[in-house]
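Asker: Okay, here's what each chain looks like letter by letter:
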Amino acid sequence: MPRLTARERREGYQREYAFQQRHGKPFFPHVVFHDTIVSLIVVALIMGITILWYAQFGAIPTDPMAERTGGLLGPAYEAKADPGVLGYHPQPDWYFFFLFELLRIFKTPELLIVGTIIIPTIWMVLLIGWPFIDRNPDRRLSRRPIALSIGVMVPIVLLTLTFYGSKVPAEGGAASTEPGAAAFAAGACSTCHVLANAGTAGNVGPVLDEAKPDYATALALITNGQGSMPAFKATYTEDEISCLAGYVATWSAAVGTTPGPNAATAKDYPASCEKAGGLFAGNASSAAGP
Amino acid sequence: MSTLLPPPKEIAMLPVDWVEERSGAISFGKYMLFRNVPKDISWLQTLGSALITVFILQATTGIILAMYYQPTPETAWMTIQWITNEATLGWLVRGMHKWGSSVMVVLLFLHMGRTFLFGAYKYPREMTWITGAIIFILVMGMSFTGYLLVFDERAYWATIVGVNINGTAPILGPALSYILMVGPEIGTHTLSRFYSLHMLVLPSAIGGLIFLHMLLVVRLGVTSPPWSRMEPTERDV
Ligand code: HEM
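Chains V and H, in that order, give the protein sequences.
Position 55 of the first sequence, counting from 1, maps to 55 under the numbering used here, and the rest follow consecutively.
Position 119 of the second sequence, counting from 1, maps to 1119 under the numbering used here, and the rest follow consecutively.
Hints listed in this document are in silico derivations from the structure and should not be mistaken for laboratory results.
Here the structure is a predicted model, which is why all the values come from computation and not from measurement.
The reader is advised that the hints may include incorrect statements.
[Unchecked claim] Have a look at the derived ranges for each label pair, beta carbon to beta carbon: (1) V:D209 <-> H:R1114: 41 to 51 Å; (2) V:I156 <-> H:I1063: 34 to 44 Å; (3) H:G1141 <-> V:A234: 17 to 27 Å; (4) V:A234 <-> H:L1044: 48 to 58 Å; (5) V:L111 <-> H:F1028: 47 to 57 Å; (6) H:V1201 <-> V:I122: 19 to 29 Å; (7) H:A1059 <-> V:W94: 21 to 31 Å; (8) H:R1114 <-> V:G74: 25 to 35 Å.
[As the list claims (entries may be wrong)] If you want the footprint, here are the derived chain V segments under chain H, 3+ residues with CB under 8 Å: (9) 25-35; (10) 73-82; (11) 228-238.
Cβ coordinates follow ideal geometry from the N, Cα and C atoms, glycine included.
Pulled out of the complex, with its shape left as it was, chain V reads as follows (with noise of 0.2 Å):
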């Protein structure tokens, strides 16, 4: 790598600078030219992704808080945002799948913070401080390996973060019959994380039948929610709380209809459950759901 002195360095810019000026092109018509056609384009391309966007809308509904659905594009508005809405998958815009996807693939509690914040931290101050890492003052591509090899793999990690992130976990199988099970697979628990016995399939935070929780971490997570798990005591009431708990603690890790490794602390979990009725009562005692 040829190491420039200061005045060499100065002296190769400002030589380059008069050769600009005198055998350079005005920036009118030149370059407004140039510019003025890909602005145009580029408006373009928004107002027809606009249009199109707007042409595969569904007819406004009669019912004033639904969602208007869309096709590929997406819908108009989804229905207005509600804290006790069961079963949601949380998406972010595109731009933000490759940080998703990190999310997911360092999902333990362990090693979150790997994927939240160190590689977004050391990222942004790669990209800040690039011209003082990359010290090598050519710039041709020829004389540049290795910011070649970093210019085309970036691309390339961030498409395929981006591709994955994109993926909406795939459906689960049918939950069981036990208390709080309906639950778990119809609240916003089964967005995020497996659970054989509930037959859920989310994969952005851990996977339950290996987190194995007893009782009271369960409670304390569902209550004040952690890492990227948000809190749901705004969502569920106590009962419903110390119910989704239960269940998590005795049907996580189980196998069939014997109960995991935790069932012991939650032994009571079916009479919370029993008092938060509705969905999480159970199949036995509210079969025709809420």
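Keeping the supplied structure of chain V fixed, place chain H with the ligand upon it in accordance with the hints.
Answerer: Then chain H with the ligand, alone, in the frame of chain V:
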């Protein structure tokens, strides 16, 4: 009797001369228009100006949206619905703002890729790159804060996950989440805080940085392509 009037052409120039004498705006404009740029730049160097266009488009459509949008949990979603369904061409304004943001992110990547491959961030243009990189991060902040404003289910849950991601940072994290949401949950104050960041704080920061970015680009001149034949490094190094 008054003296003879000067010829019409000179009369027409009077206001122009007046402005020029007091501000130098005319000679500045002439310099900007007729300064020389490298002879072998063309389409790849248009991405930056396309970004300026999209920024102006976002500002314009954003101002129109702000005339109807009301950032409270009760009204946010309703006003978005009204803009989309009822307002004359409201769907077009909202849609162009929404899709303009995606196009802007794509253009940012392309423009960054162009300057990267051309080595245009090298001496003396390090600060041009740094201002650009900060703009890039702030634009991501625009996307994050704008996403919540629709206040539909997707926006709500994605924002919770996003805020919780900040919350995982050591020491500062929980405080940061609390400051972003103004409390433990998304509510009235969260919306107005996001709105203020989205339409006042971040855009003025981005606007100011674009100004600096352009100042540097004009002062230093656009980089000649690396294959340019009169490249001094090729002759002298
Ligand atoms: C809204 C965001 C931005 C705007 C409006 C903008 C605008 C511009 C314009 C008009 C130019 C003149 C040459 C050209 O268009 O290629 C330029 C050059 C440049 N930009 Fe940006 N830019 C933005 C973001 C960025 C970002 C994110 C980066 C990199 C991290 C960046 C790095 C550079 C560099 C290094 C140059 C010098 C190019 C040269 O001398 O050939 N810019 N920018």
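Asker: What hints, given by number in increasing order, does this structure fail?
Answerer: none
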